[in-house]
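First to last, the protein sequences are chains Z, A, C and L.
Terminal number for the first sequence in this note's numbering: 120, no gaps in between.
Terminal number for the second sequence in this note's numbering: 120, no gaps in between.
Terminal number for the third sequence in this note's numbering: 120, no gaps in between.
Terminal number for the fourth sequence in this note's numbering: 120, no gaps in between.
Mixed in with the good hints, there may be bad ones.
Intra- or inter-copy, both count: the list cannot distinguish identical chains.
Stated by the list, open to error - Below, computed lysine to aspartate or glutamate pairings styled on EDC-like, alpha-carbon distance capped at 20 Å:
#1 Lys97 with Asp86
#2 Lys97 with Glu41
#3 Lys101 with Asp21
Honestly, the hints are just simulated from the structure, not real lab data.
There are 4 protein chains.
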Amino acid sequence: MSDLQDIRTALRRFTAERDWQQFHSPKNLAMALAGETGELVSLFQWLGEEESRNLPAARLAEAADEIADVQMYLVALADQLGIDIAQAVAGKMVKNAAKYPVDRFRGSARKYDDPLED
Amino acid sequence: MSDLQDIRTALRRFTAERDWQQFHSPKNLAMALAGETGELVSLFQWLGEEESRNLPAARLAEAADEIADVQMYLVALADQLGIDIAQAVAGKMVKNAAKYPVDRFRGSARKYDDPLED
Amino acid sequence: MSDLQDIRTALRRFTAERDWQQFHSPKNLAMALAGETGELVSLFQWLGEEESRNLPAARLAEAADEIADVQMYLVALADQLGIDIAQAVAGKMVKNAAKYPVDRFRGSARKYDDPLED
Amino acid sequence: MSDLQDIRTALRRFTAERDWQQFHSPKNLAMALAGETGELVSLFQWLGEEESRNLPAARLAEAADEIADVQMYLVALADQLGIDIAQAVAGKMVKNAAKYPVDRFRGSARKYDDPLED
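Full structure from sequences and hints, please.
Have a look at this one:
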């Protein structure tokens with residue numbers, strides 16, 4: 003059983019019931035994802051790093067809702083593109099492991115690199 | 003077995019092997035997520051909606067990698083916050099169903115609303 | 003007289019009056035900028051390209067407010083970094099002109115490139 | 003003379019010379035803005051707040067280029083919408099001053115609010 007596939011199934015039904023497929027081009031869904039990510043990042047903008055690790059309950063609930071929004075649009079976008087997210091992640095992890103070999107990156111600050119990404 | 007939990011397990015190992023937990027405050031991960039979302043959205047910026055539905059293979063592969071990056075940072079962020087993504091999505095879907103009742107939103111363009119979101 | 007400098011002067015006063023400098027690290031301002039950009043992009047997410055060229059008055063007023071927010075955080079960020087925006091733009095335009103020579107890029111669709119950017 | 007208008011004039015020429023107006027719908031420009039903002043925010047994602055105030059020269063030059071990119075797309079977007087940025091900022095500042103009265107917001111942390119924005 004896959005929870006990403008469960009989300010996809012639920013979203014397909016939600017969208018079809020409202021006849022919203024017409025709006026859900028990959029271009030539009032990518033924009034919606036950017037909008038939701040903006041809301042998520044704004045929750046943390048005035049917090050110190052330590053504060054961001056200790057959110058009060060109300061703020062944590064907001065973060066959960068925003069994370070859910072990002073996840074839903076990401077699944078909807080991948081679905082429109084015919085991309086299997088779990089597979090895409092597995093493939094990217096192989097690339098990342100090759101790109102950031104443990105012996106060269108371990109414990110190193112490299113603050114001016116972006117460790118996890120291209 | 004849950005694929006979101008699988009991703010979380012793999013990311014925890016990847017991060018611990020490199021001793022990168024020190025960088026992974028929720029604040030920083032939210033920023034990284036915003037950066038990756040920016041890369042994803044930029045793939046679609048000059049395409050028409052129809053073109054975005056028919057990406058050439060190379061562009062589709064790029065999109066898969068960027069979707070993977072967003073997914074990984076989203077899982078890492080939720081993990082740091084102690085949020086269960088599948089649960090958060092389930093909760094948000096209940097709210098969305100109440101907010102966008104089928105009979106009032108079905109087939110309606112409502113182009114100046116944001117159908118799926120707050 | 004420079005309007006970017008006018009905005010900077012007004013923002014410095016606004017911030018100082020409220021004693022908000024403490025929150026305005028470049029890191030935090032970059033996040034705030036991302037949040038505002040997310041709000042701006044979300045205004046266009048369900049619109050076709052032609053619709054986006056013909057916004058109704060209320061939506062246009064929202065866009066003006068969001069553009070103002072992005073502009074203000076961009077000025078505040080540049081100010082904290084000691085960057086002169088007009089100068090930075092002039093420098094980037096020289097690079098862009100070299101990168102996208104007219105004879106090679108004119109009229110070409112190149113939809114899978116990002117014409118204006120790195 | 004206005005430096006925002008100077009940028010607009012230079013961008014109009016740059017775009018016209020390459021016949022890129024066809025790509026520059028407000029929708030597309032908003033996406034491009036989001037992509038550039040993502041690049042800008044990613045420069046700061048692994049830095050502490052204090053580090054973000056003391057960028058090494060190479061990183062500062064990158065930030066200047068990214069700030070220039072954001073500024074250019076913001077001007078291009080406002081131009082397509084017929085919005086005067088300086089005017090929009092002036093209008094938003096009046097709203098912000100009313101929304102955040104000095105006596106109620108001065109010196110207050112209010113970390114879980116977004117001081118400068120809606």
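| query | Given identical chains, is Lys97 near Asp86, meaning Cα to Cα at most 20 Å, within a copy, between copies, both, or neither? | reply | Within one copy, since 17 Å is at most 20 Å while 26 Å is not.
| field | Copy assignment of Lys101 with Asp21, given that the CA separation must stay at most 20 Å | value | Answer is between: at 16 Å across copies they meet the 20 Å cutoff, but 43 Å inside does not.
| request: Could you place Lys97 and Glu41 in one of the four classes (within, between, both, neither) given a Cα distance threshold of 20 Å? | output: between (30 Å within a copy, 17 Å between copies)
When held up to the earlier numbered hints, the structure conflicts with none and fits them all.
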